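Visitor: One-letter residues, chain by chain:
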Amino acid sequence: MWGEAVRIEGLELISFRNYTRLALSLPGSLHLFLGGNGQGKTNLLEAIYLVATGRSMRAGRDEEMIRWGAPQAEVRLEAESLRGRYELQVVLTPRGKRAYVNGNWVRRLGELLEYLSAVLFVPDDLHLVKGGPEARRRYLDGQLVQALPAYREALAKFQRILRQRNRLLDRIGQGEGSAGSLEVWDAAFVEEASRVIHRRALAVEALSPLAAEAHQRVAGSKELSLRYRPYFLEETEDEAPTSLDVIRERVEASLREARPLELRRGTSLVGPQRDDLEMTLDGRSARRFASQGEQRTVVLACKIAELELMASYLGEYPVLLLDDVLSELDPVRQAAFVEVAMGRTQTLVTSTEATSLPAGLREQGRSYRVRAGQIQPEEEALRDGSVGG
Amino acid sequence: MVLPGPLARLVEELSRLPGIGPKTAQRLAFHIVEQPQERVTALANALVEAREQIRTCSVCCNLTDVDPCRLCSDPQRDDALLCVVEGPRDVMALERTREYRGRYHVLRGAISPLDGIGPGELRIRELLDRLQSGEVREVILATDPDPEGEATAMYLSRLLKPLGVKVTRMARGMPVGGSVEYMDEVTLAKAMEGRREIT
Ligand SMILES: Nc1ncnc2c1ncn2[C@@H]1O[C@H](COP(=O)(O)OP(=O)(O)OP(=O)(O)O)[C@@H](O)[C@H]1O
Ligand SMILES: [Mg+2]
Ligand SMILES: [Zn+2]
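Residue numbers (this note's numbering), protein chains in the order written: chain A, 1 to 389; chain B, 1 to 199.
In case anyone wonders, no lab produced these hints; they're calculated from the structure.
Source: prediction; values computed, not measured.
Virtual Cβ for every residue (Gly too), placed ideally from N, Cα, C.
Please note that the accuracy of each hint is not assured.
What the hints assert, rightly or not - Derived Cβ-Cβ restraints for the label pairs, each shown as a range:
#, chain 1, residue 1, chain 2, residue 2, range
1, A, Ser327, B, Glu185, 52 to 62 Å
2, B, Arg101, A, Leu244, 54 to 64 Å
3, B, Gly5, A, Thr93, 43 to 53 Å
4, B, Arg196, A, Tyr100, 36 to 46 Å
5, A, Gln216, B, Asp115, 34 to 44 Å
6, B, Arg51, A, Gly103, 32 to 42 Å
7, A, Gly283, B, Glu197, 25 to 35 Å
8, B, Asp79, A, Tyr100, 45 to 55 Å
9, B, Arg16, A, Pro71, 17 to 27 Å
10, B, Phe30, A, Asn102, 24 to 34 Å
Starting from the given sequences, assemble the full structure and let the hints guide the process.
Guide: Structure representation (structure tokens):
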């Protein structure tokens with residue numbers, strides 16, 4: 001047995017994407033799903049991500065996940081973690097989605113985040129370093145909403161206030177409201193914005209050494225460092241404040257200062273929706289200077305750090321979902337990643353080709369064949385003679 | 001199968017109700033047409049009578065069948081205390097605690113630019129009218145503890161304080177993001193007791 005880790009024991013899909021009906025049990029810690037393009041590998045991980053977080057990592061609309069022509073879709077998952085055994089269920093209909101824990105309807109979907117914790121790694125994540133700041137904020141938020149209920153609450157509230165405030169600024173711009181009506185949102189805006197920034201800054205303080213260590217193991221050279229950069233930080237300031245009181249003062253001051261410009265532009269110009277996560281290698285911006293290979297190593301280190309940070313917050317390792325990313329890495333990085341992740345977490349890996357996976361992986365894990373919304377253990381698939389020798 | 005016209009119209013009307021989708025509407029419609037005539041007549045009359053007889057109290061803006069409503073005309077209640085809530089169901093929730101003995105004022109909503117609701121859409125002018133007489137000594141803001149409720153409380157406190165009336169806010173400790181109507185009696189009673197003056 002391995003250490004404390006969340007474990008998915010079984011999964012059932014009904015009319016989900018290209019699965020008509022699937023029942024899968026997942027004993028053990030490593031599972032490899034192999035199959036050609038368009039067979040349902042990502043769909044499988046999407047279903048797990050849906051019951052873990054209440055949303056898809058890719059669908060624009062929830063309805064897209066319902067099998068074409070079917071009235072509704074259902075995902076059911078059984079897992080065991082520190083909080084015991086539980087069953088999660090999400091039902092998708094054209095009119096919305098409903099979640100159940102152990103058969104009981106949960107009023108607020110966010111409650112799902114209390115249960116199955118998961119770290120997802122997809123090829124898109126490889127743009128983490130070079131891409132826009134929203135990808136890096138999403139990287140932070142993805143782990144914090146799962147690990148910290150108070151963060152989830154603050155972020156949801158902040159986003160709501162931000163939308164209200166933006167709509168109001170827009171209306172004022174069209175002459176439909178007075179500038180004074182903006183002030184009633186200020187106190188709450190400052191409070192929730194500050195809490196979001198505070199939590200993110202603390203998390204990055206904890207993430208940075210974890211990422212540096214992982215990077216050292218994979219790359220062997222150059223020191224990786226992560227720093228949170230709130231929007232109010234001056235170019236000349238190196239460190240973000242980590243005291244909530246100081247953050248509150250800065251947010252409040254910036255809000256006051258930005259008001260005239262916000263009124264002119266008709267949208268909010270301050271707040272954590274403009275923050276960034278800075279990554280440096282030997283003190284230089286990775287976004288600007290890292291080579292392609294270096295960027296990949298940085299992303300890998302960030303993902304390992306995410307896993308470790310969540311484990312330290314939650315007291316157990318989340319499930320690791322790797323969608324077609326191992327094949328994007330060279331053998332050295334693959335090996336490093338496998339060494340860190342496997343043995344600590346339950347890991348689900350998808351790949352189009354078995355040969356692109358690290359050699360040891362297939363012996364350690366169970367392989368499955370994914371084909372047109374059906375999943376069969378590899379041995380059975382071979383026995384059935386669907387694959388010649 | 002194509003629904004017969006009258007049945008289709010019933011489905012159509014029912015599915016306009018909040019929380020009722022086409023499936024449920026159909027189930028209800030089929031159920032209704034299988035009921036004895038008296039039951040259906042009773043239902044139809046209840047709908048029409050409720051709509052005809054329920055109106056807005058000219059004092060507190062709550063829904064009522066007599067104007068002023070029973071809470072406004074009850075001589076036992078304390079005119080010096082005025083509790084401001086978002087909706088009629090919040091009044092019911094607070095009444096269930098049997099602790100509060102003052103009067104109410106129902107805003108019929110909360111400030112929400114996303115829904116096109118500004119202060120002008122709320123029953124605030126009526127509230128100001130009630131404060132004219134000088135009988136009210138304390139206004140308790142009991143809007144929901146979510147962003148819209150907080151913004152509404154903030155707006156009202158800024159509006160009312162210059163009038164010299166004491167303005168208090170129901171205590172924190174109400175579940176965050178919750179709403180008054182869903183709070184249990186004990187929590188509500190405590191929140192009311194622990195209200196604080198807004199500075
Ligand atoms: N709502 C739906 N109903 C039925 N089929 C769907 C639905 N949504 C997507 N699909 C189909 O599911 C198939 C499998 O998608 P999936 O993303 O899981 O493929 P994959 O195995 O990950 O492939 P790749 O290796 O290319 O990433 C696609 O061909 C798509 O057409
Ligand atoms: Mg895929
Ligand atoms: Zn009344």
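Visitor: Does each hint fit the structure? Answer for all of them.
Guide: These are the hints, each one checked on the structure:
{"no.": "1", "hint": "A:Ser327 / B:Glu185: 52 to 62 Å", "in the structure": "holds, 59 Å"}
{"no.": "2", "hint": "B:Arg101 / A:Leu244: 54 to 64 Å", "in the structure": "violated, 40 Å"}
{"no.": "3", "hint": "B:Gly5 / A:Thr93: 43 to 53 Å", "in the structure": "violated, 28 Å"}
{"no.": "4", "hint": "B:Arg196 / A:Tyr100: 36 to 46 Å", "in the structure": "holds, 39 Å"}
{"no.": "5", "hint": "A:Gln216 / B:Asp115: 34 to 44 Å", "in the structure": "violated, 52 Å"}
{"no.": "6", "hint": "B:Arg51 / A:Gly103: 32 to 42 Å", "in the structure": "holds, 39 Å"}
{"no.": "7", "hint": "A:Gly283 / B:Glu197: 25 to 35 Å", "in the structure": "violated, 52 Å"}
{"no.": "8", "hint": "B:Asp79 / A:Tyr100: 45 to 55 Å", "in the structure": "holds, 49 Å"}
{"no.": "9", "hint": "B:Arg16 / A:Pro71: 17 to 27 Å", "in the structure": "holds, 21 Å"}
{"no.": "10", "hint": "B:Phe30 / A:Asn102: 24 to 34 Å", "in the structure": "holds, 33 Å"}
Going through the hint list in order, the structure does not satisfy hints 2, 3, 5 and 7.
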